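Work the whole structure out from these sequences, hints included.
Residue numbers (the numbering used here), protein chains in the order written: chain R, 1 to 113; chain U, 1 to 116.
Hint data in this document are derived by calculation from the structure and do not stem from the laboratory. These numbers come from a predicted model, not from an experiment. Glycine residues also receive a C-beta, built at the ideal position from the N, C-alpha and C atoms. Accuracy of the hints is not assured; some may be wrong.
Computed beta-carbon distance windows for the label pairs [to be verified]:
no. : chain 1 : residue 1 : chain 2 : residue 2 : range
1   : R       : 3         : U       : 59        : 31 to 41 Å
2   : R       : 109       : U       : 8         : 25 to 35 Å
3   : U       : 22        : R       : 41        : 11 to 21 Å
4   : U       : 7         : R       : 109       : 21 to 31 Å
5   : U       : 51        : R       : 15        : 24 to 34 Å
6   : R       : 63        : U       : 20        : 23 to 33 Å
7   : R       : 62        : U       : 20        : 20 to 30 Å
8   : U       : 20        : R       : 61        : 33 to 43 Å
Chain residues, written in single-letter form:
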Amino acid sequence: ETGVTQTPRHLVMGMTNKKSLKCEQHLGHNAMYWYKQSAKKPLELMFVYNFKEQTENNSVPSRFSPECPNSSHLFLHLHTLQPEDSALYLCASSPAGGDQPQHFGDGTRLSIL
Amino acid sequence: KQEVTQIPAALSVPEGENLVLNCSFTDSAIYNLQWFRQDPGKGLTSLLLIQSSQREQTSGRLNASLDKSSGRSTLYIAASQPGDSATYLCAVISGAGGTSYGKLTFGQGTILTVHP
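Okay, structure coming up:
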C-alpha cells in the first residue's frame, strides 16, 4: 500500500469515448503528478499540480485534460484518444518541494481500440 | 534537454552476487537524482534519493553514488536475492529545483533478474 490509489486499474475504450482516470492520495502531500509509461520508452511526465494549481504541462495534447479539485485528488479526463495513447498512466504525489521522493500509485492500464 | 541513459538494459545474475547498475545524464546541472524500483504491473517505489550536494546514499543492501561533474550515478546491490528481481529506474530533477519542481526525467530502466 503506497498511499496513492488509482482507479480503474484497467480501461479499454474506443477512440470516440470519453472516460476519466482518478487518483487519490492519503499522504497529506501538496503536489500531484501524471506520468505516461509506454512500451520501450522512458516514463514521461505529463502534468504537475502544486497546491491545486497546474505548474507544468509537458506539451501534452489537449485530448488529455487534467483536473485537481483539491490536494488529495487528481483526475485525467480522456476524449477522442488515439491508438498510440495506449499505455500505463501513473499518478504520483509528494510533499511540497522538489527534493522529496515521489510516491506512485499502481497505475491505470489504458488500451485504445 | 536532459537525457538519462541506463546500462545495462537487462541483467541476469545468480543469487548472492553483488551487482552494479549504471545511470548517466547529459546535463550535470541537476537538483537531485533518484533510484526507483518497479515490479511487474505495479507503480514505482522510491529506493534512494541523492541531493546534488551529496556523493552517496545507503539503505540496507543498497548504495547509490553520484558523480555530478561526470554525469554518472551507480546503484550497488549487495548479496542479491530473488526478491530483488524488478526493473530499476534512475531519474533526475534538472536545474535549480525551484523552477523544476518535481519534474523528473527518467531513464529506460534496467530489468534485473536474480535466479536462485
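Checked hints:
no., hint, result
1, R/3 - U/59: 31 to 41 Å, "violated, 19 Å"
2, R/109 - U/8: 25 to 35 Å, "holds, 27 Å"
3, U/22 - R/41: 11 to 21 Å, "holds, 20 Å"
4, U/7 - R/109: 21 to 31 Å, "holds, 28 Å"
5, U/51 - R/15: 24 to 34 Å, "violated, 44 Å"
6, R/63 - U/20: 23 to 33 Å, "violated, 42 Å"
7, R/62 - U/20: 20 to 30 Å, "violated, 43 Å"
8, U/20 - R/61: 33 to 43 Å, "holds, 39 Å"
Going down the numbered hints, you'll see the structure goes against 1, 5, 6, 7, while the others check out.
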